[in-house]
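Chemist: What follows is each chain in one-letter form.
Protein chains: 10
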Amino acid sequence: MMTREDVTAMILSAKRQAGLTWEGIAASIGMSPVWTHSAAMGMNAMPAEKAVAMVDALGLPQEAALVLQESPTKVWQQAVPTDPCIYRLYEIVGVYGPTIKALIHEKFGDGIMSAIDFDMSVTRVAHPKGDRVKVEMSGKYLAYNAW
Amino acid sequence: MMTREDVTAMILSAKRQAGLTWEGIAASIGMSPVWTHSAAMGMNAMPAEKAVAMVDALGLPQEAALVLQESPTKVWQQAVPTDPCIYRLYEIVGVYGPTIKALIHEKFGDGIMSAIDFDMSVTRVAHPKGDRVKVEMSGKYLAYNAW
Amino acid sequence: MMTREDVTAMILSAKRQAGLTWEGIAASIGMSPVWTHSAAMGMNAMPAEKAVAMVDALGLPQEAALVLQESPTKVWQQAVPTDPCIYRLYEIVGVYGPTIKALIHEKFGDGIMSAIDFDMSVTRVAHPKGDRVKVEMSGKYLAYNAW
Amino acid sequence: MMTREDVTAMILSAKRQAGLTWEGIAASIGMSPVWTHSAAMGMNAMPAEKAVAMVDALGLPQEAALVLQESPTKVWQQAVPTDPCIYRLYEIVGVYGPTIKALIHEKFGDGIMSAIDFDMSVTRVAHPKGDRVKVEMSGKYLAYNAW
Amino acid sequence: MMTREDVTAMILSAKRQAGLTWEGIAASIGMSPVWTHSAAMGMNAMPAEKAVAMVDALGLPQEAALVLQESPTKVWQQAVPTDPCIYRLYEIVGVYGPTIKALIHEKFGDGIMSAIDFDMSVTRVAHPKGDRVKVEMSGKYLAYNAW
Amino acid sequence: MMTREDVTAMILSAKRQAGLTWEGIAASIGMSPVWTHSAAMGMNAMPAEKAVAMVDALGLPQEAALVLQESPTKVWQQAVPTDPCIYRLYEIVGVYGPTIKALIHEKFGDGIMSAIDFDMSVTRVAHPKGDRVKVEMSGKYLAYNAW
Amino acid sequence: MMTREDVTAMILSAKRQAGLTWEGIAASIGMSPVWTHSAAMGMNAMPAEKAVAMVDALGLPQEAALVLQESPTKVWQQAVPTDPCIYRLYEIVGVYGPTIKALIHEKFGDGIMSAIDFDMSVTRVAHPKGDRVKVEMSGKYLAYNAW
Amino acid sequence: MMTREDVTAMILSAKRQAGLTWEGIAASIGMSPVWTHSAAMGMNAMPAEKAVAMVDALGLPQEAALVLQESPTKVWQQAVPTDPCIYRLYEIVGVYGPTIKALIHEKFGDGIMSAIDFDMSVTRVAHPKGDRVKVEMSGKYLAYNAW
Amino acid sequence: MMTREDVTAMILSAKRQAGLTWEGIAASIGMSPVWTHSAAMGMNAMPAEKAVAMVDALGLPQEAALVLQESPTKVWQQAVPTDPCIYRLYEIVGVYGPTIKALIHEKFGDGIMSAIDFDMSVTRVAHPKGDRVKVEMSGKYLAYNAW
Amino acid sequence: MMTREDVTAMILSAKRQAGLTWEGIAASIGMSPVWTHSAAMGMNAMPAEKAVAMVDALGLPQEAALVLQESPTKVWQQAVPTDPCIYRLYEIVGVYGPTIKALIHEKFGDGIMSAIDFDMSVTRVAHPKGDRVKVEMSGKYLAYNAW
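Protein chains in written order, with full-length UniProt numbering: chain A, 1 to 147; chain B, 1 to 147; chain C, 1 to 147; chain D, 1 to 147; chain E, 1 to 147; chain F, 1 to 147; chain G, 1 to 147; chain H, 1 to 147; chain I, 1 to 147; chain J, 1 to 147.
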């Protein structure tokens with residue numbers, strides 16, 4: 001039975017052999033690079049047409065398109081990860097989490113930013129003192145229910 | 001000896017009594033709301049002039065301006081926090097951390113986004129299906145050294 | 001500065017002295033017992049009119065009504081709790097969590113049950129072999145975004 | 001020696017190939033979808049006749065019926081799981097656990113809701129602002145012994 | 001507001017000053033020593049008449065009788081405790097837990113020994129090679145539900 | 001090299017194929033069911049004659065008798081286990097551990113119940129409101145040394 | 001109510017003010033330095049006559065003698081401690097623990113060295129390349145029971 | 001590539017087949033039993049001549065002598081181990097660690113007992129009330145540097 | 001697909017067979033020993049020309065040069081490691097970390113030493129009382145941003 | 001009884017009021033800044049003359065000089081700390097620990113760098129692309145004993 005891990009490995013191998021980029025793969029299926037990489041890693045399910053486009057673009061077996069459409073069980077590191085590039089993101093959320101919460105409450109009321117109805121981009125911004133990484137997140141505001 | 005915790009408590013109390021907002025306090029010292037809240041919580045050190053402005057704006061004792069300028073020891077929750085509004089941020093970083101890393105490597109090379117030479121904003125974006133929270137982060141790209 | 005913990009203690013003390021029940025307090029402010037207890041414990045923010053009703057019903061100081069309206073930071077036990085009554089709930093979620101996920105995916109698609117747009121009730125159901133506790137939860141279905 | 005894991009894998013594979021649903025499999029053995037999925041995952045033992053019906057319905061080897069009848073060792077995640085759909089259930093139990101306990105004590109006395117003499121259902125409820133997931137749990141009240 | 005911790009401290013102090021034993025206190029309220037000590041430590045709720053008897057026997061304030069009747073939140077050490085006398089009990093349960101489970105399944109079927117409808121005794125048994133501690137536990141068998 | 005795990009698997013397989021019970025196996029080697037199961041699981045070493053009897057009773061290879069005589073390294077779950085049948089034992093020890101300690105000190109002095117010079121039984125006791133599981137433990141009292 | 005912690009603090013204070021050593025205190029009550037320090041720290045109970053001698057030697061209040069005779073709950077660091085002097089002991093036990101076990105089994109059979117019927121000494125041994133610390137432990141061999 | 005684990009397994013297998021003891025193996029290479037077992041387990045590196053003697057004594061392949069000379073990465077259980085024989089050693093170090101530290105400071109000054117320039121023995125001491133295990137450790141005293 | 005782990009194993013094997021040292025390998029590719037070992041272990045990415053030189057120097061397959069150029073995910077032990085040689089480094093950082101922070105703040109202002117724009121050396125320094133290990137670290141100072 | 005924490009607080013307060021630097025305090029007692037700060041924080045014991053000099057330099061009470069001479073129990077963060085300046089040091093040790101170990105073994109043999117017979121410095125090094133922090137550590141090489 002073909003698993004998510006199998007499909008992720010096929011995608012990485014095909015990408016390396018064909019010398020593709022995530023940017024390029026994303027363009028070929030008409031989605032954003034963040035979402036495309038994330039779905040390839042098994043962290044998001046693909047709509048049928050996108051799964052088929054992915055399989056076609058990378059020359060994967062047809063069965064892979066079915067696997068890409070299944071709801072994944074998202075497993076990520078609860079212990080703060082050690083890789084410096086990923087760690088810095090946790091450091092940012094650790095330091096600024098209560099600040100983001102305070103500002104959401106000030107601007108919206110008692111609620112949260114959804115991590116489900118959510119999108120994100122990563123871009124390179126030129127800067128004279130050294131280029132900068134820009135990360136933009138957008139999530140729907142959800143208000144707590146009272147009953 | 002006046003501590004950071006004392007100063008944070010004084011700021012919160014003065015803010016509540018005067019009915020101020022973080023947006024308003026930030027404007028009065030000429031800084032962004034994210035940085036202002038964060039420094040008030042003891043997560044960033046204030047330059048002397050901003051510390052003085054803060055103390056004046058909120059009517060705090062002069063000694064508080066000295067405390068606000070000291071380098072804080074930043075302590076944050078390594079265990080994933082339980083508050084839903086903050087938890088969702090960890091969930092986002094957990095799910096999309098490897099994706100951000102892959103795209104930084106694709107766009108810049110082997111390195112990271114700095115969490116030190118860094119800034120952030122939180123804004124409200126109107127949307128017909130429900131307004132959205134927008135979080136923007138910008139950090140200097142730092143390349144690994146080889147020697 | 002009056003804190004959430006102060007207000008919770010005042011509520012518990014007033015309830016004990018007046019011999020009230022959660023059912024009764026909830027009725028007096030026109031909300032459900034689950035939500036009322038939860039807000040009293042500092043796990044939910046109260047709309048202004050409900051906070052005022054609470055303060056009136058229990059004879060608390062007026063400042064308590066302001067505290068009850070603030071957005072709480074929800075802190076709960078990540079380590080599985082030891083109290084048998086609460087532990088059994090974790091055991092149920094541990095054993096049946098993947099089952100609930102599978103059925104949500106089967107009935108709705110790739111998404112989750114919201115814990116924010118959410119309500120719950122606890123009732124006693126008579127039964128010849130021993131009465132039963134009935135817990136009912138209802139949360140809005142949220143579909144994952146693709147972009 | 002055929003293990004529980006082997007049988008779970010056979011069931012998942014047969015279900016995928018035959019295009020079945022949990023709802024359908026449950027109907028074919030005359031049990032509820034929650035219990036059926038849970039037993040298929042190795043979290044509940046099946047009575048002999050249900051195990052045979054399961055094996056027949058999915059075309060599994062006869063030995064699988066014996067395995068499905070054995071008492072499983074139930075292993076679940078003590079660390080709070082990361083999958084958003086399952087995490088929200090822990091969040092609910094974390095936030096509302098003490099509330100459920102307080103209401104059980106108010107309605108029944110000193111005791112607990114059994115997680116052994118227990119049943120549960122998951123249903124879809126149509127709603128104009130977006131359909132809702134309904135989870136209903138029912139467990140026998142057990143009073144503490146004094147001796 | 002008098003707390004459980006206050007009442008436990010009063011009991012221990014009264015016991016020490018009066019030179020009482022748990023055996024003696026238990027006899028004076030007509031309950032077993034195990035249950036009596038456990039309720040005194042705040043791990044079990046007392047029926048009204050026993051709480052009154054306890055308060056009378058030890059000369060505690062009347063309010064203590066109310067506290068002793070409340071449903072306690074049972075908090076115990078999830079990390080294996082270090083005291084050698086208590087640790088040995090964990091070692092026994094760790095080594096023999098799967099054995100007890102196997103024998104319960106062999107003698108009763110798929111289910112558990114209740115820790116709620118439960119009683120226990122500790123006795124001293126004379127023995128030529130050194131006296132022995134005897135611990136006897138008895139709990140109602142509870143069968144898993146299928147639905 | 002035949003390992004303890006190999007021998008445990010052979011015993012479980014032979015038991016299943018021959019339709020034996022632990023009670024029966026124990027009787028055939030002249031030991032108690034608790035000790036027999038525990039030794040079969042690799043938690044106790046067998047005296048030579050019992051190991052030979054075990055191997056004969058179940059038709060295992062002769063080398064298995066040597067393995068059954070070796071001193072095992074006892075590895076058990078320090079994290080509280082999730083299986084409900086085993087968990088309830090930890091709950092009992094967690095709730096009543098300090099009580100057992102207090103009663104041992106009252107009846108014997110400063111010391112412990114040995115978990116090495118120790119034995120245990122599990123029996124079924126008929127009861128009109130539902131049969132009960134009875135667990136009896138007996139361990140030598142060991143007094144602390146002063147020097 | 002005088003606690004163990006109070007008595008430990010009194011002993012440390014009296015020792016500092018009188019310029020005593022553990023060696024000297026131990027001699028004055030006729031016990032070893034290891035046991036004396038350990039009992040002073042609340043890790044061992046004192047026989048009545050030793051407790052009285054301790055109280056007399058250090059000029060403590062008479063009530064302290066009662067506290068020193070009570071059975072302590074021994075709480076020690078399960079997380080490996082950070083102090084380098086204590087850490088090295090854990091490192092030794094970590095590295096050589098399986099070796100000590102293997103040699104006990106080779107010399108005695110299946111059993112353990114008791115930590116209850118146990119004594120220990122710490123001495124200074126002169127050595128040309130630098131003096132050495134000598135730690136000697138002696139514990140009764142306890143054989144596992146089979147039943 | 002032959003690993004340390006391979007060599008440890010070869011040693012254990014050769015020892016079992018030849019019916020050797022650690023005492024005997026140690027004698028044949030002219031080292032102590034503690035050090036010999038520890039090096040065999042991969043917790044110490046062997047000088048070349050000892051490695052060759054070990055390989056000759058047990059009839060191992062010549063490559064094993066090279067592996068036995070390499071500096072091992074010593075990995076041991078930070079979580080307190082569950083095997084009763086090894087656990088008692090942790091209990092001793094947990095209970096008496098601060099005592100050993102206090103006596104080292106009293107006899108030597110501010111420093112530690114080295115775990116590197118270190119040796120240890122395990123012996124059996126006959127005793128009328130039951131033979132005793134004697135563990136002797138000796139480590140060089142190292143004083144903290146001030147600069 | 002050749003992985004980092006494969007390449008690390010090839011390097012270690014080639015080094016052992018050719019009797020090379022890290023010092024020597026580093027010289028042959030014109031880099032420092034610290035960086036060379038670290039990149040070989042998969043903790044740093046190699047520039048193309050260095051990767052090719054490494055592959056040539058050790059006779060590895062050409063594909064290995066591609067793997068050595070990829071950005072690694074740096075995974076290291078968050079739990080303090082047990083190997084004494086590595087543990088001492090954690091002990092140093094644990095004891096002196098706050099001191100290094102205080103001196104950086106005194107000499108530079110509010111900021112950190114970069115672990116990305118960073119280099120390190122390890123050298124042997126002769127000393128009459130025993131040779132010493134010298135570790136030198138150099139990292140760019142990064143000042144916190146205020147915005 | 002004056003504690004280490006009291007003395008540390010007095011030093012920090014005196015330093016702030018007098019506007020001193022660690023560099024300056026260290027010079028006034030004739031020791032290095034690293035050692036001086038560390039001893040002030042309670043991580044090293046001071047020789048008598050240095051303790052007296054410290055007390056004189058900062059105008060502390062004489063009793064503080066006694067406290068500064070006592071052997072401290074060094075407690076530091078085993079969980080990786082969150083402050084970015086200290087965290088980077090753990091990241092360095094995590095990433096390069098195995099490299100330092102490999103190079104010590106290559107240059108010295110099987111042993112470690114002592115963290116007891118140890119010294120360290122922190123300096124600022126001017127650099128055209130941004131000044132750098134230089135950390136130098138020196139520890140005596142200690143060879144493992146074989147016996």
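None of these hints come from the bench; they were simulated from the model. Given the structure is predicted, the values throughout are model-derived calculations rather than measurements. Keep in mind that a hint or two might mislead.
Here are a few chain E residues that face chain D, going by a calculated C-beta distance under 8 Å [said to hold, decoys possible]:
1. 41
2. 47
3. 114
Where a beta carbon is used, it is the ideal one built from N, C-alpha and C, also for glycine.
Chemist: So, residue 41/E near chain D? Judge it on the closest CB pair being under 8 Å.
Modeler: This hint is violated: residue 41/E lies away from chain D, its Cβ roughly 14 Å from the closest one there, beyond 8 Å.
Chemist: Please check whether residue 114/E passes as an interface residue: C-beta within 8 Å of a C-beta belonging to chain D.
Modeler: Given a least distance of 7 Å, the restraint on residue 114/E holds.
Chemist: Go through the hint on residue 47/E and say holds or violated, using the shortest Cβ distance to chain D against 8 Å.
Modeler: holds, 6 Å
Of the numbered hints listed earlier, the single one contradicted by the structure is hint 1.
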